[in-house]
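J.: Line by line, the protein sequences give chains G, R and F. When we follow this note's numbering, the leftmost residue of the first sequence carries the number 1, and every step to the right adds one. When we follow this note's numbering, the leftmost residue of the second sequence carries the number 1001, and every step to the right adds one. When we follow this note's numbering, the leftmost residue of the third sequence carries the number 2001, and every step to the right adds one.
Among the hints, a few may not be true.
No farther apart than 20 angstroms at their CA atoms in a straight line, the calculated lysine to aspartate or glutamate pairs in the DMTMM-like style are these [unchecked claim]:
1. R:K1243 - F:E2138
2. F:K2192 - R:D1323
3. F:K2278 - G:D68
4. F:K2141 - R:E1195
5. R:K1252 - F:D2264
6. G:K10 - R:E1278
7. F:K2270 - G:D15
8. F:K2192 - R:E1195
9. G:K10 - F:E2272
10. R:K1243 - G:E75
11. R:K1243 - G:E31
12. F:K2214 - G:D35
13. R:K1249 - G:D20
14. F:K2278 - G:E31
15. R:K1347 - R:E1278
16. F:K2162 - F:E2173
17. F:K2270 - R:E1195
18. F:K2270 - G:D20
19. F:K2278 - R:E1216
20. R:K1002 - F:E2138
21. R:K1252 - F:E2261
22. R:K1243 - F:E2173
23. F:K2278 - G:E75
24. F:K2192 - R:E1111
25. F:K2270 - G:E31
26. G:K10 - R:E1216
27. R:K1249 - F:E2261
28. F:K2278 - G:E70
29. F:K2270 - G:D68
30. F:K2141 - R:E1012
31. G:K59 - F:D2228
32. R:K1002 - F:D2264
33. G:K10 - R:D1246
34. F:K2246 - G:E31
35. F:K2278 - G:D11
36. R:K1249 - F:E2272
Calculated directly from the structure, the hints in this document are not laboratory data. No experiment lies behind these values; they were computed from the predicted model shown.
Spelled out, the chains give:
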Amino acid sequence: MIDFGYTLTKDRQLDYDHGDFRYFRFVKALEPSIDLCIGCGSCSATCSAAQFTDFNIRKLHTVIRRGDIESIKAELRKCMFCGKCQLICPRGVNLRNLILAMNRAIEQLG
Amino acid sequence: MKAEGKRRIWDEYQKEIAGDKYFYVRSCVRQNFFPGAEKTFLRYMKEMGKTVYENPSHTTCSGIGYHSDIVPFETAMTMVARQFALMTESGYENFVTSCITSFGLYTEVLETWHHFPELEEKIRLHLRNATGREFKKPKNLAHASDVTYKLRKEISRAGKYRLVNRNTGEPIRVVEHIGCHYSRMFPSKGVGGAEYPYVLVGMIEEWGGQVIDYPERRHCCGFGFRQYLVKANRGYSISASKKKFDSMKPYKPEMVLTNCPGCPMFLDRWQYTLSEMEGTTYGENGQGIPVLTYEELAGLILGYNPWDLGLQVHQVPVEPLMDKMGIPYDPETKFLDKNGHSMGKPKSPSFLKFY
Amino acid sequence: MENTVIVIGGGISGMTASGMLALQGMKVTLLEKEAETGGHVARWDRLFPDRKKAAEVLDFAREGMKNVNVVTGAEVTGISWHDKGFTVTSGIMQPASSVPGPESLIANSGSLINEIAAGESNYTARALVLAMGFDLFEARKKEEYGYGIYNNVITSADLEEKFKSGKDILTSEGKIPARIGFVHCVGSRDEKVGNLYCSKVCCVTGVKQAIEMKEMYPSAEVFNFYMDLRMFDRHFEELYYEAQQKWGVSFIRGRLAECAENPDGTIILKTEDTLTGKPLKMTVDLLVLLSGFVPASGTAKIAGMLGLQRGTDGFVNSADSHSMNNLSGIPGVFLTGALKGPISISEAIADARATALLLADYLKSGKP
């Protein structure tokens, strides 16, 4: 292989047809309210961790839904589990249980 | 796919293309990229009995600098005004550009003057002060691919070969790629508009081929000026080309047809680079997908010697396509210059099949 | 002459208005250019949000029209007004093939003539109700979506027709669609096609149709591509909730950028998943475009005859959009329904009844 002094850039596009939906199915079975999100962002606005890190709980479960799971492992650890997100969610999404379910998904699915 | 749906759109984007007496302006870069293309255009235009005039005082239109953020628009407009002055002084009214970016810039300048006549007056003054020249705006502005599109039936009639596989009788499967500056800025200025441009499709259909509509058809070829001109960005450029190749591969294209200086350059050269970087090739049996300009393809259809068309300087060998079309070529003379002297033979690539 | 009214347009608005006017003892003539009354509602299967049969709504409106003189196939060709009221001239339209016409007439017009006025009729009345309604946005104008080119791209109206036929909804290859996409805002909120406005009812239509597809094929994946979900009326938000909770419909916030056809005829689409900030591509077996409203083709013509003002969106402006929304500004000319802009069926019915009430008062008092 020749080194041309530049390399290919990774494609950022989410390829839904080749997504990994094992996490989503696992999490949804444990916490069906994941379906009810309307993307309003009140969870991430009130989030204790989001004030000091780039943790974004709203994005986190949307990413899982899209079958894009690479980034979530490191992300999940940033949650402080305070539950403010859940208090504020207008759709009654059980966000604390969602975090637990995601952690369990990582344990069981690797 | 319903072909009539596309036809309906094509019918809505028809433009006027002059029939003769063309003032032809060359591209800055095409003679380096595809040295036989412009010469071939002049040859078949002459054979079709058309008058094409070139003025030796013609310079860059400065579009390449304008689109690379180096040349300010007023400067570019003054450069364009000077080319118009050369046309006017030569007694021509129909302006034909070889380069897509030139075509885009000329169109943009004319549109700008249409909406801001005071700017046109200002540029006239700039040109007068700098050169003492005066100009008339062209009566007709077309890209050389528009003119070739207009002549596609004549080329077909005079042609010796067709875009058909000699052995199977099947049409050759062609991917067409239009330069961004052809109709993306002004869809009504391109034959067929911007979403389903017809200019190359019309040639492919007329000459017997089959057009492939693939998902990344509208995606950038990988040139994009800024993403290539700076070496650090070239990974970005080649990734854009790769995205297109990955998308077109399932449709088994047998050639790519282009009408821009940059697109054939990058679609051709990057196939080699990708093969050396990743070991990937996109054609059949380790071959690449030959990438041609419309002039080169018209030349092949008309039975011109492929080495006069400059096909030997393509990075992806065109021989597999010529074999399919039944076009004879002499491998012995491939790398000989006009005087019969050897130009030297390039090193064989590691993966891409070489002829 | 005393209590005579002409209603132009026989969709749900014109039907309801004429029925209500007849109920109040007026002599009503309804002019409809198509062969039948019913307008868009006649082409709909079930209505949002409760999925009532559209036919039942029409039956109800027709029930009230027993004493209305309905003239179909009647296209308005002229309107004049005088001290007694208005005279509306209409040509009875017939297929060109059925009319032996001079060849030269067709040749000179330079375009294909489908219909020829076979005869003209005049109708006179003291008041006019304009109820020309709307046309659906021609989805093929969004060239990048490939409607009319890719076989598996259809519109919400096409889908409704399929629902109405009662047959299975299959891809053009005859397969049960495993993944279906709904595209919101087709021809709406889109300056590129000249329509800056929201068509209002497409959002809830998209949610309703998404649910109906899930009912038909529970294992299918259904995606709605939206920018905002404008669930403006009672029970609409609940329908959206139901779509998520009961049916697992996925909502992706991102406008469809473009699509193309895969070798197997499925559709590959591109959008941005704006909530994760990434471009996204996805293959669907069937793509449904939620076509918006545009002013009906006759609106410009008839508004022109009367000198009525239209907005930059092409819809007719009323005398005042708050308090005089049924008045045109011309005494005796009333406006009702979707010719004033996108509107739901229940709103159209309420608006038509309001028009009838104001019109009755006008005929009684002589004051607008």
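J.: Report the numbers of all earlier hints that the structure fails to satisfy, in ascending order.
T.: Per hint list: 1, 2, 10, 11, 13, 14, 22, 25, 36 violated.
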